[in-house]
Amino acid sequence: MKRSKKALGFIALAAASALVLSGCSSSGEGSGGGAAGSGIITVNNTEPQKGLVPADTTEVGGGKVVDALWEGLVYYDADGVTQMGVAESIESDDQVTWTVKLRDDAVFSDGTPVLAKNFVDAWNYAANVDNAMGNQYFFSVIEGFSETEPVEAMSGLKIVDDHTFTVAATPDFPDRLGYSAYYPLPDVAFEDMEAFGQNPIGNGLYKLDGEDAWKHNESIALVKNDTYVGPREVANEGIDFKIYASLDAAYTDLLANNLDVLDQIPDTSFSVFQEELGDRAINQAGALTTTLTISENLEHFTGEEGKLRRAALSMALDRDEIIDVIFEGTNIPATDFTSPVVDGYADDLAGAEVLEFNADEAKKLWAEADAISPFTGTLEVATNSDGPHQVWIEAVANQWANNLGITAAPKLYPTFQAFLDDREADVVGGPFRAGWQGDYPGAYNYMQPLYYTGSSSNHGFYSNEAFDTLLDEASRESDHDARIAKLNEAQEILLADLPSIPLWYQGTTGGHSESVDNVAFGWNSVPIFNEITKG
Amino acid sequence: MLRYILFRILQVIPVLLGTTFLIYFMVFAMPGDPVAAMFGDKVPSDAVLERLREQYNLDKPFFIQYLLYLQGIFVGDFGMSFSGEPVSEILARTFPVTIRLAVMAIIISLGLAIVIGLFSGLRKGKLFDNINLIIGLIFMSIPIFVIAFIAQFGLGLKLGWFSPTVGAGAPIQDLLLPAIVLGVSLYATSMRLTRASVIDTLNQDFVRTAYAKGLSRGRVIPVHVLRNSLIPTITNTATDFGILMVGATVTEGIFNVPGVGNVLFNAILKGENTTVVSFVTVMVLIYLGVNLVVDLLYAVLDPRIRYV
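Top line first, the protein sequences correspond to chains R and B. Here the first sequence stands for residues 921 to 1455, numbered as in the working numbering. Here the second sequence stands for residues 4 to 311, numbered as in the working numbering.
Hints may contain errors.
[What the hints assert, rightly or not] Estimated spans, in silico, between C-beta atoms of each pair:
no., chain 1, residue 1, chain 2, residue 2, range
1, R, D1401, B, K63, 30 to 40 angstroms
2, B, L140, R, A1287, 26 to 36 angstroms
3, R, T1032, B, A95, 30 to 40 angstroms
4, R, E1196, B, K129, 45 to 55 angstroms
5, R, G1455, B, L272, 51 to 61 angstroms
6, B, I141, R, V1001, 53 to 63 angstroms
7, B, A95, R, Q1003, 23 to 33 angstroms
8, B, G114, R, D999, 37 to 47 angstroms
9, B, L73, R, V1149, 47 to 57 angstroms
10, B, G114, R, T1032, 36 to 46 angstroms
11, B, R126, R, T1188, 38 to 48 angstroms
12, R, E1063, B, L25, 50 to 60 angstroms
13, B, V78, R, G1031, 54 to 64 angstroms
14, B, K63, R, D1268, 34 to 44 angstroms
[Stated by the list, open to error] Simulated pairs of lysine to aspartate or glutamate, DMTMM-like, Cα-Cα distance not exceeding 25 angstroms:
no., chain 1, residue 1, chain 2, residue 2
15, B, K161, R, E1196
16, R, K1078, B, D36
17, R, K1135, B, D208
18, R, K1135, B, E53
19, R, K1331, B, D36
20, R, K1021, R, E1153
21, R, K1283, R, E1273
22, B, K63, B, E53
23, R, K1021, R, E1011
24, B, K161, R, D1268
25, R, K1021, R, E1114
26, R, K1284, R, E1273
27, R, K1283, R, E1224
28, B, K161, R, E1195
29, B, K63, R, D1013
30, R, K1078, R, D1092
31, R, K1037, R, E1008
32, R, K1144, R, E979
33, R, K1227, R, D1082
34, B, K129, B, E53
35, B, K63, R, E1344
36, R, K1144, R, D999
37, R, K1227, R, D1168
38, B, K161, R, E1067
39, R, K1037, R, D1082
40, B, K63, R, E1434
To be clear, the hints were calculated from the coordinates, so they are not data collected in a lab. All values reported here derive from a predicted model rather than from experimental measurement. For each residue, glycine too, the CB sits at the ideal point set by N, CA and C.
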């Protein structure tokens, strides 16, 4: 008995210490991944949702890395202006067939040259529905694309020689080419796309710092790509993307000088960050617009009655007050459906006064609508509560209640998924929050996907023939000013119909540590990494 | 005794089947389509969504999905996360970090609890005891995220004694601050249990007998009193370990610890069935294992307890 007791104690202790040891065993390895070498800038990031394949990257966490690893035919500079990247020229006589000529000195970071086939193969792969790439729909502008049938090779793509290919596509096609979906892929990618996504090889300013540089949920280490030849210069040695679960932790690290660049200030620190960071704080206009969309099929919001109610709801909102109180002045009130950082932004459109606060007029319009058919019950304004939106949605509901004398209340969805489901099924039952970040800095991209009849993200189910025609004409227009004029005209139709109510452009907020300089943010709210200097 | 241990291990099987099924069902029943949510406001074509659902088995009925998942586990395949990493690798990367943090927190909490609890019990009703009880009460009633934020801001950011967040690889020195926060937030309950038990034991006959035999205080207190007072504390520690496995989510978020809590939280938000269920399964296993160890430790502390 005595012996069994001792044995028992031994087993228990052995088991307990095994637990402890298993916990401690791997402690030695990781500490090398931090901000080791000088000249490597550390930047906050979130874990990419999927493997780092450009055509499959649809969110910011992966997008930042992909944009650093690749260079497309063109790129957008800090002002959102298109500049030539791998392309030497993109020309067309008829705005339908485009001839793309490549620089002959561009190479992937593994040393293989960037040829016409690298673009054509990558695009055909991405457009083939069988490969289920998140950005597949982006290739719908190219001739021969099919959304449902697997197409091995699109008829609109033809290789002329090693450095030339032609594309039969829509007229706005060249504007889009800076977007990550259009990056080229080296031949090795097609052998095993899943493995490639974990250890991608690009042709950009940076490359992965060796195999397994992507430590999931911890960091992604990039170093300067010395094989890069091209129009841009890199002023630092590399980028260490640190993955944070919360922006608050990242902000704390910025204050403690453990992080060089933070590209978004957590909303809990809006009121203090300019004071805490001083001239290291950044606050400028961004490409993300926030709107309240109202389905065209919602009772009381159709026809003439709907027009009146939509205008009333828009004019009953004091955007400045919400921005001041809730966003601490980091957002900019909307004057159109695009964003100040894109080509085609306007603040003097006819009918834009519907976006200005005017409680008396709002009340009058609402009463006129009630005369057609009285609105009873509660007007619910919907959002998901797993993001930072609940506070301002409540403010919107309060302002409607106060300024229109109706009952309004927030409708909260527990998750973004559930919210999206109801939006797509058209059963939200009231105005709902929507946001749009442009894929490229052009006004067309802020209207076509959202308001064109039957478009993928047209969650308000808006349809207006005159609007569609104007967009079609604008996309075929080769003269820049004439195109913008058409787009402005289209926006004026939107202002009259208000399929969604533009609220504000989300500001770009950020900051940097004392050890880096030259921090500027591009049109898409992402810092221009290659220009940042350190040490 | 071996029969007992074997029996306990066999018990794990139905518990595991039950929990995986329940968790799988709950994640499955969560509203929203995880595949559509990958794209946010930008909606890909239906065909692409269908292909993705196929890839993650989301197009199949619930039971088939669950059986496919179970089948995978039997050959050691826990499936893939959306970002293309095998779930088994995520498990292998995050669990050591969280266990390390939990063990550090337990050591801190137990150390505080046993030392302070013993002295408090020996000086029952004196000034030390009263002050200690008040402090314990305060720590029990402050929510952990408050302690965490104050510690991060004060000790980490302002004084610079600790790293305010945990860096890559989660080295021990970075984990110190979150471990202290967790330890401090947990110690009060164990301390009160130890104290009460010490007071109780001091009044037992065998303690009086020990003194009467002429044994010194230095022998009676550690060997006779403390040893007999530790059973409730040890039991509570097992519960604490369970709490730490799951409940460290808040702390892990604040200190950016690349551990279980963070990954699990994100996986739930994304609706990644395979990741969530695998994580919970491993948590259940650890919890059961710790409980077994604790049950065996009883026999060491109290010879009257035997397992047949």
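For each hint, the structure was consulted:
no., hint, result
1, R:D1401 x B:K63: 30 to 40 angstroms, "violated (54 angstroms)"
2, B:L140 x R:A1287: 26 to 36 angstroms, "violated (59 angstroms)"
3, R:T1032 x B:A95: 30 to 40 angstroms, "holds (34 angstroms)"
4, R:E1196 x B:K129: 45 to 55 angstroms, "holds (46 angstroms)"
5, R:G1455 x B:L272: 51 to 61 angstroms, "violated (37 angstroms)"
6, B:I141 x R:V1001: 53 to 63 angstroms, "holds (59 angstroms)"
7, B:A95 x R:Q1003: 23 to 33 angstroms, "violated (44 angstroms)"
8, B:G114 x R:D999: 37 to 47 angstroms, "violated (59 angstroms)"
9, B:L73 x R:V1149: 47 to 57 angstroms, "holds (53 angstroms)"
10, B:G114 x R:T1032: 36 to 46 angstroms, "violated (59 angstroms)"
11, B:R126 x R:T1188: 38 to 48 angstroms, "holds (44 angstroms)"
12, R:E1063 x B:L25: 50 to 60 angstroms, "holds (52 angstroms)"
13, B:V78 x R:G1031: 54 to 64 angstroms, "violated (39 angstroms)"
14, B:K63 x R:D1268: 34 to 44 angstroms, "violated (55 angstroms)"
15, B:K161 x R:E1196, "holds (13 angstroms)"
16, R:K1078 x B:D36, "violated (38 angstroms)"
17, R:K1135 x B:D208, "violated (60 angstroms)"
18, R:K1135 x B:E53, "violated (30 angstroms)"
19, R:K1331 x B:D36, "holds (19 angstroms)"
20, R:K1021 x R:E1153, "holds (22 angstroms)"
21, R:K1283 x R:E1273, "holds (15 angstroms)"
22, B:K63 x B:E53, "holds (11 angstroms)"
23, R:K1021 x R:E1011, "holds (9 angstroms)"
24, B:K161 x R:D1268, "violated (49 angstroms)"
25, R:K1021 x R:E1114, "violated (30 angstroms)"
26, R:K1284 x R:E1273, "holds (15 angstroms)"
27, R:K1283 x R:E1224, "holds (16 angstroms)"
28, B:K161 x R:E1195, "holds (16 angstroms)"
29, B:K63 x R:D1013, "violated (50 angstroms)"
30, R:K1078 x R:D1092, "holds (19 angstroms)"
31, R:K1037 x R:E1008, "holds (16 angstroms)"
32, R:K1144 x R:E979, "holds (23 angstroms)"
33, R:K1227 x R:D1082, "violated (55 angstroms)"
34, B:K129 x B:E53, "violated (71 angstroms)"
35, B:K63 x R:E1344, "holds (22 angstroms)"
36, R:K1144 x R:D999, "holds (24 angstroms)"
37, R:K1227 x R:D1168, "violated (42 angstroms)"
38, B:K161 x R:E1067, "violated (56 angstroms)"
39, R:K1037 x R:D1082, "holds (7 angstroms)"
40, B:K63 x R:E1434, "violated (53 angstroms)"
In terms of the numbered hints stated before, the structure departs from hints 1, 2, 5, 7, 8, 10, 13, 14, 16, 17, 18, 24, 25, 29, 33, 34, 37, 38, 40, listed from lowest to highest.
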